[in-house]
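Number of protein chains: 2
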Amino acid sequence: MEQTLTVDALRDRVEGIFRHAGMNAIQAAALSRVITAGERDGCKSHGVYRIEGVLRTLKAGKVLGTAEPELDGGSDSAIVRVNARGGFSNPAFELGLPVLAARAKRLGLAALVVNDCTHFAALWPEVEAVTDHGLATMVMCPSYATVAPAGGKRPLLGTNPFAFGWPRTGRAPYVFDFATSVAARGEIELHRRAGKPLPKGWAIDAEGQPTTDPEAALAGAMLPFGGHKGSAIGTMIELLAGVMIGDLTSPEVLDFLGSTTLAPFHGELILALSPEKFTAGREGDPFARAELLFEAIQGQGARLPSQRRFAARAKAEAEGITLSDSEIAQLERFESLGLNAVA
Amino acid sequence: MEQTLTVDALRDRVEGIFRHAGMNAIQAAALSRVITAGERDGCKSHGVYRIEGVLRTLKAGKVLGTAEPELDGGSDSAIVRVNARGGFSNPAFELGLPVLAARAKRLGLAALVVNDCTHFAALWPEVEAVTDHGLATMVMCPSYATVAPAGGKRPLLGTNPFAFGWPRTGRAPYVFDFATSVAARGEIELHRRAGKPLPKGWAIDAEGQPTTDPEAALAGAMLPFGGHKGSAIGTMIELLAGVMIGDLTSPEVLDFLGSTTLAPFHGELILALSPEKFTAGREGDPFARAELLFEAIQGQGARLPSQRRFAARAKAEAEGITLSDSEIAQLERFESLGLNAVA
Chain X
2 MEQTLTVDAL RDRVEGIFRH AGMNAIQAAA LSRVITAGER DGCKSHGVYR
52 IEGVLRTLKA GKVLGTAEPE LDGGSDSAIV RVNARGGFSN PAFELGLPVL
102 AARAKRLGLA ALVVNDCTHF AALWPEVEAV TDHGLATMVM CPSYATVAPA
152 GGKRPLLGTN PFAFGWPRTG RAPYVFDFAT SVAARGEIEL HRRAGKPLPK
202 GWAIDAEGQP TTDPEAALAG AMLPFGGHKG SAIGTMIELL AGVMIGDLTS
252 PEVLDFLGST TLAPFHGELI LALSPEKFTA GREGDPFARA ELLFEAIQGQ
302 GARLPSQRRF AARAKAEAEG ITLSDSEIAQ LERFESLGLN AVA
Chain H
2 MEQTLTVDAL RDRVEGIFRH AGMNAIQAAA LSRVITAGER DGCKSHGVYR
52 IEGVLRTLKA GKVLGTAEPE LDGGSDSAIV RVNARGGFSN PAFELGLPVL
102 AARAKRLGLA ALVVNDCTHF AALWPEVEAV TDHGLATMVM CPSYATVAPA
152 GGKRPLLGTN PFAFGWPRTG RAPYVFDFAT SVAARGEIEL HRRAGKPLPK
202 GWAIDAEGQP TTDPEAALAG AMLPFGGHKG SAIGTMIELL AGVMIGDLTS
252 PEVLDFLGST TLAPFHGELI LALSPEKFTA GREGDPFARA ELLFEAIQGQ
302 GARLPSQRRF AARAKAEAEG ITLSDSEIAQ LERFESLGLN AVA
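In order, the protein sequence lines correspond to chains X and H. Numbering of the first sequence is given in this note's numbering, commencing with residue 2 and proceeding in unit increments. Numbering of the second sequence is given in this note's numbering, commencing with residue 2 and proceeding in unit increments.
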C-alpha cells in the first residue's frame, strides 16, 4: 500500500535503517537528512532509492559507517580541511561548515576541502547550508569514470556535479546543481529499471557509437553536456576537486572500487564567497541587485533552477511524502534485514 | 598585398595605433599585447579585428584611454582589488596580478577584483598570466545583454566568458576559455561580415523564434550553450562577476552603452588557487597527477582545449603572422587617420 509520511517521520525511519546497519550516530543522522531532503524535494534519484547503494557500499567495506571526521582549521589560511576518515562526506561537511563560514566572512573567500570521504548525494544540501550563512558558494566533486571526454570514446571523467548558490533574503536561495554529463547516472539507472530508451545524445556504447539503450550506455560511456565546453568543466572538476585537493580522480575512484554500483570514494571542494566583503566600498546592495536579475529572468517566462524542487519541498512539508508500495516494502526489508538485505 | 609580420612587429604597430589615438603608455602597451596575442594564436575574433571596436569605444567616450589603474591590496583579506578608473581591464589586471599571486600562495586562494573597466578581449591572457605563477585559476566577467536565458525570449545575459587554467611544468598550461552562449558574439559578427548563415541552435530572432540569419540573430538573442546548464552558469557569472563585485551586470552594461558595437564596461573576477597549499599533507604531486589525466584524455583521441591555439602560436612565433590585404589596409587607415577612421 502506498503510504504518506511526514518529512520527520521518513527521516527517523531512514536514520533507524542506518543505525540498524551499524552506522554511528553522526553518520546515520547526516545521511538520513540528505536522503530525506532528496525525497522531500522530489529528486527521486537522490531519495530513498539511494539507501540500497549506501548499504551495499557499507557491506562491501568501502565506507566506514563508524567514522569520526576530523577538522583541521589551519587558521592562517583560507583553506579549511576536514578528513572524513573513510566515512560519508555529509558529517564531515557539517563539521567544517561553521569554520568555513567564519573564514569566508573574515577573508572574503575561503575553501572547505573534504578528503577521504564517500559522496553519494546531490550537492545542493551543501549549497543551501552555505547560503544559509549569507554566502555565495561553488561546490564540486569527481565521481567515477563513466563519461567520455568530448571527442573521446571511453569512460574517463565522472558525472562530476557542479553546483552554485546565491543567498536570497527571506526565501529559498538561487541554486543550481547539475551533472556535467548530459544526464546524471542515476537517471540512466532509472531508465534501465523502467525499461525505457534514453533520449538521443546521452551516451555512447562500448564501441564509441551513439546509443539509446540504457544497458549499452552503462557498458559504454555517458557524454558530457554542451560538447567540448561541458567536457572542459568536467576536467576542471577532476583537477580542482581531485588532483588539487590530493584526493582521487574519477578513473582512480573506479580502480579503487572496481564497480560503479558502490558510492564513490573521493574528496569534495566547497568555495564560499562573502558578497558583503566583495562589494565593500562599491555602490548598491548586492542582494537587492540580484533580485532584479532574477525578476528579469522570470519576467520573460524563463525559470530559475531548483524552482520545481522548492515547490515539491513546500508540498511535502505541508502534505507529507508519499512513497509507493515497492518503496515502502523496500524500507521494511531494510528495517528487518539490515545489511543482509543487500548483496 | 598580404603581408607577414613578426609577432613583435605587429605588436609595435598596434601599440602605435593606440598611442596615435591618444591612449597612454600602459593602456596602449597592455592592449596591443592582448590583441597581438589573439592574432598570433589564430583567434581572429580577438585579433586585429578588435582594434576598430577599441577605437570606436574610445571615440564614443565610453573608455578612458589615459586611465591610471589603482591598486587596493587590503592585506588582511583574500580579496585584492584594482580599480581600472574607466580604462581597459588589461593594465588593471597586470597591476593586480603580482599581489594576487602572492596572496594566493600565502592563503591558498585569493581573488582579484577588477572594477570600472572596459573588457573586450578573451580571458585566456589573464588565465595564462596566473598559471605562469604556478597557480590554478578561474576567470569570468559579464558582457552585455545579448543572450536569452534558457526558456526565455529576450536578451538578458551576456555571452559571459568562463575560463580556467592549470599550470603545467615546462609546457603551455591547460586552458579553456569559452562563451557561455553557444557561440561568441564575435563569431556571429564574422558570419555577418562573410554573409554566411549561422549553424542551427545559435540564436533566436526578435520574436523568440530560431534563426540562422546573423542579422536576425543580432536583432534577437543568442542562446546559452548546453540549455539550462549553460544558462545557469551565465547567470552565476552575472552574480559573481557583476552583482557581487559591485559592478555592472550585462543588462546594465547595455543600458550604459546604448549599443553592442562598443566594448563593454563592467568588472572582472579572477580566482587564484595554489595547488601546493591545497595538496599539503596529502600524497602525490598534483602536477604529475594532472599529467596522467591529460595523457588519458589525449590517449583516447580527444583534444585538450587550446591545443589549436598553442599550435598556431608556435607557428606564428617561428614564421610570423600573415595578415590579409584588407587587414593591412585597415591597419594603415588606423595609422593615418587615428580616431577619425571610425564612426
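If you're looking for bench data, these hints aren't it; they were derived computationally from the structure. Careful, some of the hints might be misleading.
Copies of the same chain are indistinguishable here, so a pair counts whether it falls within one copy or spans any two.
[Unchecked claim] Listed next, the in silico DSS-like pairs over lysine-lysine satisfying Cα-Cα at most 27 angstroms (straight line):
no.	residue 1	residue 2
1	278	45
2	201	316
3	278	106
4	45	197
5	278	197
6	316	60
7	45	201
8	63	45
9	106	201
Which hint numbers doesn't this structure obey?
Hints 1, 2, 5, 6, 9 contradicted; others consistent.
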